[in-house]
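Asks: Sequence:
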Amino acid sequence: MKEKLVMKKIGMDKKSILFRMTSFVIVLIVIQAILLTGTLIAGGVLSQAQENAYQSFYDKVHNRNDSVQREMKNRWTNMTPFINKFSRNLSDTSSSKAFFDESIDELINMLRTTQTTGAFIILKKEESEKYPALYIRDYDPLWNDYTSKDLYLLLGPSDLAKKQKIPMDQSWKYDMKFDESNREFFEKPFSKAPLTFNANLLGYWSPPFKLFPDDLPIITYTMPLFDADKVLRGVIGVEISVNYFDQFLPAIDLQPRDSMGYLIGYSNAGANKIEPILMVGALQKRMIRAEESFALTEVDKNRNIYRVENHNSEEKIYACLERIGLYKFNTPFEEESWYLVGLMTENHLLNYVHKIQQILGMSLLASIAIGIVGGYFISYRFTKPITQLVKQVRESANNKALRLNPTGLTEIDGLSSAMENANNELLESTVKMSKIIDLADFPIGVFEIKRDSSHVFMTDQLPSILEIDSALMSEIIQNKEKFIAHIKQKLNNPEKEDENVYQIGADPTKYVKVKLVKNENSTMGVVSDVTQEILEKNKIKMERDYDPLTMIYNRKAVQRRIENIIESASSQGTAALIMFDLDYLKQINDTYGHQWGDSYINRAVLHLSKIGGKSSVLGRRSGDEFVLFLFGFEDKDAIRMEMDNFYEGLTKDLNAFPDGSLKPITISGGLLWIEDWTLKYDDLLNKADQILYEAKSRKKGYYVESA
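Residues 1 to 707 in the UniProt record's numbering are what the sequence shown lists, from first letter to last.
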């Protein structure tokens, strides 16, 4: 009883061994826990996790924007091949009814080709509120019935519907009458027609509206329509229903459940004032205020990520903005910008960051609790001074189990045993922290090199991340010079475009990021596995620079490559820029289908890629146009020989088509000799394009060179 009272007094005495040892053990464990936690934070675990979340958000919105932009700019606006025939029909016919009778088949073809929900022609009629119109609608463009049973006549003469066996829509009208709610899609492009006869530069995308009060909401793309004499007669355009547009904005892209998805924003004043004009899904419509412009606070400038301030949700909502490039520079409507806006709640966007914070907090609390309980239990057994043991403890390595020499005294030996247990618990705490990192599924390793020690401290994950055998690692950490030399040898292949990133494996490829924190007494390194991040970045670069069908440079990439070569023109020898046009591609597509057209393109690229070898740059400029830059040749005859070999190879390569016919590939070319290296790429391209036009005018299937 007296012993318990004495121990209680000792426990309350701040100068007692019990108090001092307990405090020492607790502080040591807390420092270890804080050190590991601080190392993770200083090493950028939280910031990198947040960066990864923002990057993933940006990548999803960017890829979706590319997809939407391809549909809007390439497929839905592909009206140019049909406009010339409409223009000739306008000049050849005396009445709108006769014109519509001549043009309805071509309008249906345009509707099928663009895969939109509607196609129309509206003619201007002087001194009349009712305009002659031919408007055909397809409620499901992805399902084509070539008997036209899936089409509906919305505007136009009813006898045309009978003749074509097209049912009339329930909202059918004979002609078009405009009011304040529906006139912009006609008047805006029509009013800009005096600027140029190139209708492609005057195309206008309308925000969603209703053609009639009882009609469904639609988006339209319209251009002025001139007759063959360049007289403005009306507009031609296509319609995309809002319901059909919604299919290209899948909310599941961003979140598997409860996703706010995408919306389309509109602005004529830059990104500072964006109004939602097309919203998808009940959740989005409930949370986003459609009647207000977005109030945005910038979060990540490089990735266009903002926090939405005006919404109806209790959670924070983040938005990623991507501008949809609909209009060319210096065109009438370039100030009207459309944006693809991806929306995510903070809980989902930063879910992984919050989990890491919770794990680190719980680990710190667990380490403190273990230190308090273990330290007090061990220290409670000691009652005498332990000077010699303190000396041994100070001289021992922190990363090894503590082993104290026995003194032969029961009390001191008991103290020694307790201190050994405390040290083991410290090591276990470190191991637990390493396991927690493993459970967090974030591959990261840490090492520390102290100035006054030859030994290197490391976490268990470091050997596997650096692909170093555990036995070898155990050997080299005993000597910091060997460790430093081996690490330098391992990290001898830095990634050019990413700072502090190194490739350490070839099969499979592996990338690590190394961050060093130095102070007066030590150097601490944090090594993380960033393989997935780098591979995804490289994949994005591939998708950015290469044409997906032919796997040669796309339009922008080939321009960058050629411009780089032109800048160093003094060392390029004889050079030429050649524009190629693949003949009869449209006929092959129309006759045999796009699968055979794609095969025809790839067969042509196979031959084109053989011209010039390493002294050439080849890219696809559009569907049937290719640009080839040849440089570093001794003289013009060497280039002519390459061209002759190319065309000779084409004549020997016959393509078998489904109808049993054998046809060679025919390509027309315009060759521009590069005489003036001060000309810009666009100027060279325009000159080569003119020569190509001359070649196609003379005889298709060969090339013409500049004078």
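Just so you know, these hints were derived from the structure itself, not from any lab. Some hints could be false.
Subject to a maximum C-alpha distance of 35 Å in a straight line, what follows is the list of computed DSBU-like cross-link-like pairs (lysine-lysine) [what the hints assert, rightly or not]:
1. Lys125 with Lys60
2. Lys687 with Lys230
3. Lys301 with Lys680
4. Lys210 with Lys73
5. Lys556 with Lys518
6. Lys85 with Lys124
7. Lys328 with Lys355
8. Lys541 with Lys355
9. Lys488 with Lys450
10. Lys586 with Lys687
11. Lys537 with Lys680
12. Lys700 with Lys663
13. Lys162 with Lys285
14. Lys480 with Lys490
15. Lys614 with Lys537
16. Lys301 with Lys586
17. Lys539 with Lys488
18. Lys355 with Lys60
19. Lys510 with Lys480
20. Lys230 with Lys97
21. Lys60 with Lys149
22. Lys230 with Lys192
23. Lys328 with Lys663
Estimated spans, in silico, between C-beta atoms of each pair [said to hold, decoys possible]:
24. Asn312 with Lys518: 44 to 54 Å
25. Glu346 with Ser453: 25 to 35 Å
26. Pro658 with Asn312: 56 to 66 Å
27. Lys285 with Ile565: 48 to 58 Å
28. Ser67 with Thr678: 33 to 43 Å
The C-beta atom is built at its ideal place from N, Cα and C for all residues, glycine as well.
Asks: Take the hints in turn and mark each one as holding or not.
Replies: Hint check:
1. Lys125 with Lys60: violated, 47 Å
2. Lys687 with Lys230: holds, 26 Å
3. Lys301 with Lys680: Judged against 35 Å, a Cα distance of about 32 Å means the pair holds.
4. Lys210 with Lys73: holds, 22 Å
5. Lys556 with Lys518: Roughly 43 Å between the alpha carbons, so the hint for Lys556 and Lys518 is violated.
6. Lys85 with Lys124: holds, 18 Å
7. Lys328 with Lys355: violated, 45 Å
8. Lys541 with Lys355: Holds. Lys541 to Lys355 sits at ~31 Å (cutoff 35 Å).
9. Lys488 with Lys450: holds, 18 Å
10. Lys586 with Lys687: Roughly 25 Å separates the two Cα atoms, so the pair holds.
11. Lys537 with Lys680: holds, 31 Å
12. Lys700 with Lys663: Holds. Lys700 to Lys663 sits at ~14 Å (cutoff 35 Å).
13. Lys162 with Lys285: violated, 42 Å
14. Lys480 with Lys490: holds, 15 Å
15. Lys614 with Lys537: holds, 27 Å
16. Lys301 with Lys586: This hinted pair is violated, its Cα atoms lying about 44 Å apart.
17. Lys539 with Lys488: The given pair, whose Cα atoms are some 28 Å apart, holds under the 35 Å limit.
18. Lys355 with Lys60: Roughly 22 Å separates the two Cα atoms, so the pair holds.
19. Lys510 with Lys480: Holds. Lys510 to Lys480 sits at ~25 Å (cutoff 35 Å).
20. Lys230 with Lys97: holds, 21 Å
21. Lys60 with Lys149: violated, 38 Å
22. Lys230 with Lys192: Within the cut-off at roughly 14 Å; holds.
23. Lys328 with Lys663: violated, 38 Å
24. Asn312 with Lys518: 44 to 54 Å: holds, 50 Å
25. Glu346 with Ser453: 25 to 35 Å: violated, 44 Å
26. Pro658 with Asn312: 56 to 66 Å: The hinted range 56 to 66 Å holds for Pro658 and Asn312, with Cβ atoms some 57 Å apart.
27. Lys285 with Ile565: 48 to 58 Å: holds, 52 Å
28. Ser67 with Thr678: 33 to 43 Å: The hinted range 33 to 43 Å holds for Ser67 and Thr678, with Cβ atoms some 39 Å apart.
In the structure shown, a violation is registered for the earlier hints numbered 1, 5, 7, 13, 16, 21, 23 and 25, in ascending order.
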